[in-house]
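Engineer: Please put together the full structure from these sequences, using the hints given.
Protein chains: 2
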Amino acid sequence: MTALLDRLGIALPILQAPMAGVSSPAMAAAVSEAGGLGALGLGAAGVAGAQEMIAHLRKRSDRPFGVNVFVHTPARRDAAREAGWIERWRPEFARFKAEPPARLDEIYTSFAVDDAMLAMLLAERPAVVSFHFGLPDAARIAALRDAGITLLATATNLAEARAAKAAGIDAIIAQGWEAGGHRGSFDPDAPDDRLGTLALVRILARQADIPVIAAGGIMDGAAIDAALALGAAAAQLGTAYVATDESLADPGYRAALAGPAAHHTTMTRVISGRPARCLANRFTAIGADIPAEAIPAYPVAYDLGKALNAAAKAKAEPGFGAQWAGQGAPLARAMPAAALTRMLAGEMRPRPIG
Amino acid sequence: MTALLDRLGIALPILQAPMAGVSSPAMAAAVSEAGGLGALGLGAAGVAGAQEMIAHLRKRSDRPFGVNVFVHTPARRDAAREAGWIERWRPEFARFKAEPPARLDEIYTSFAVDDAMLAMLLAERPAVVSFHFGLPDAARIAALRDAGITLLATATNLAEARAAKAAGIDAIIAQGWEAGGHRGSFDPDAPDDRLGTLALVRILARQADIPVIAAGGIMDGAAIDAALALGAAAAQLGTAYVATDESLADPGYRAALAGPAAHHTTMTRVISGRPARCLANRFTAIGADIPAEAIPAYPVAYDLGKALNAAAKAKAEPGFGAQWAGQGAPLARAMPAAALTRMLAGEMRPRPIG
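Residue numbers (the numbering used here), protein chains in the order written: chain G, 1 to 354; chain E, 1001 to 1354.
Hints were generated in silico from the structure; no laboratory data involved.
Possibly wrong hints are sitting among the right ones.
Just so you have them, the derived chain G footprint on chain E, three or more residues with Cβ under 8 angstroms [claimed, not checked]:
| hint | segment |
| --- | --- |
| 1 | 1166 to 1179 |
| 2 | 1199 to 1205 |
| 3 | 1210 to 1223 |
| 4 | 1327 to 1339 |
Treat the numbers as computed from the prediction; the structure is a model and nothing was measured.
Every residue gets a Cβ at the ideal spot worked out from N, C-alpha and C, and that includes glycine.
Structural biologist: Okay, here's the thing in structure tokens:
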């Protein structure tokens, strides 16, 4: 356990989940300054935006931090499906006196094919780069490793963890079923065993032969203790940081997280095209009965999802937001990110040294 | 934590899950003799069979033990649905040169309406009675409490836990999404938040104000430590005991649990009529696309499921068994139940006293 923390350059076994669109340089800096590993989600930013976020973070902290990139298989376009998707949601847009987009775009470039992002990361050399949705090719992994960067990858099962180990990844983010936001499965269309955090972390700790960072449902020091008891070297917390002052979550998202909606999250693919855990809201309810075959590929579907949310928000309807949250949502606490990080550490049981 | 163990009369924070059809008096006695709480599943036995099981156990041990009863809403019969169900499976029976049953029966009596079972339990006075699928009425709870019996109830969410507390239950079995066998939801047709064990146990420990016993995916001492870190007073293990010598699991079930199938469990309602986690097998695969509306109520559907398994087994096909298992199945260890109980205790981290 200590070996991985030393490698990551952190004192506390606490990683802030990167959360593209929700985390901020101020959040990441606060977590790193408090002794955890702050992180930026770069998957939704272009290269210039990503580099700017890194610069902002570095103005606030010179401690190690992580960045996360999306390594999804580039979208398989399907004109008929995309056109059908636009028409399916036209009545909802109409409720908000808006038109759906005329066409949908692949709004994010996968790191699997993004040479400019790779070059930027090799120039900036963050302490940690983490991969979500899959692994880049061997050349990209080698280039990042040769630059001295520690590499993490999300796995939702033993096969993904073993693939990551074989590819030279340093540690696994074991993402349990409880986790909020996008499920990191390498193939979103493959059968999913939906392993809960407790079962997944223990199976990987015993069978994957690579350091494990537990993620999914972890909201306080007791749950971090539980993750360590399961054999994890550290825990990654996302939803806990959504509620912090430095989060980019909008007021509707914060209100939902703080209210009774927090008790009901659901795994949905209608918002973005990939399964992701969201606070149950109008968007997830309308989408509940839509078969996966009708939904455009990630992130093409997300182009419409973002437009629909913008139209709804303009009419004061918050229920179409990508209000990602894990099953621990009822335990979220609104406070500054540094204070939360210190509180988490204080809640942990004292551990024997060595 | 110690208060509940004292109440249960056990030294170790380990409960053996009752597992109707899989547990045995020999298993329960072995666990109780080793310092945990052994348990019998009475839900599938008539009153006479249940009393006989208790007598067998008592011949082997005078330590405290538990018994579990099913408190499902008695089945709503639907002749058309049941006839359709029989016809749907006729081709599978034909593959095994067998006929499906001409009609289906409600093969188990719910404890909610079983006065004879109540009278037997009041006469036998096991130390613990646990309820699955719901709660009996106030008079039955009062009668059992007045007999000095400690009462446990399964809950899969905060609302069920609060209902159990309000009804006078002594402690909750917090059954996470990982758990094998029948999901204990009070209403199988209500929306299910599918809370993972880690999230569920922590939410109940912080918000339910009643002692919690963690269940789902717990297979070794490290996972028991994790459950205690989450605030549980004890852990209940089922799948771990399926693999023990005293288990009634048949050879096909044991082979599946010991092989690669253990990595793939699935929540299915085709076998019994209620959602239950099973090793992925031929039955669950064929049933994967059947809508809930087509399936007869529990336990009426189970009448057909058991007949189909019998027909398949007679032709050496093990893939139609109710091979219940939790997501921790890859970590199961075949050994005597007493040895497993002692091993679990030995694997736990030494804990501070008091």
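Engineer: Each hint needs a verdict: does it hold in this structure or not?
Structural biologist: Consistency of the hints with the structure:
Here's how the segment 1166 to 1179 of chain E fares: 3 of its residues keep a CB closer than 8 angstroms to some CB of chain G, so the rule of at least three is met and the hint holds. A count of 5 residues in the segment 1199 to 1205 of chain E with a Cβ less than 8 angstroms from any Cβ of chain G is obtained; the coverage claim is therefore met, three being the minimum. With a cut-off of 8 angstroms between beta carbons, the segment 1210 to 1223 of chain E has 7 residues touching chain G; three or more are needed, and the interface restraint holds. For the segment 1327 to 1339 of chain E, the stated coverage by chain G holds: 4 residues have a C-beta nearer than 8 angstroms to a C-beta of that chain, and at least 3 were required.
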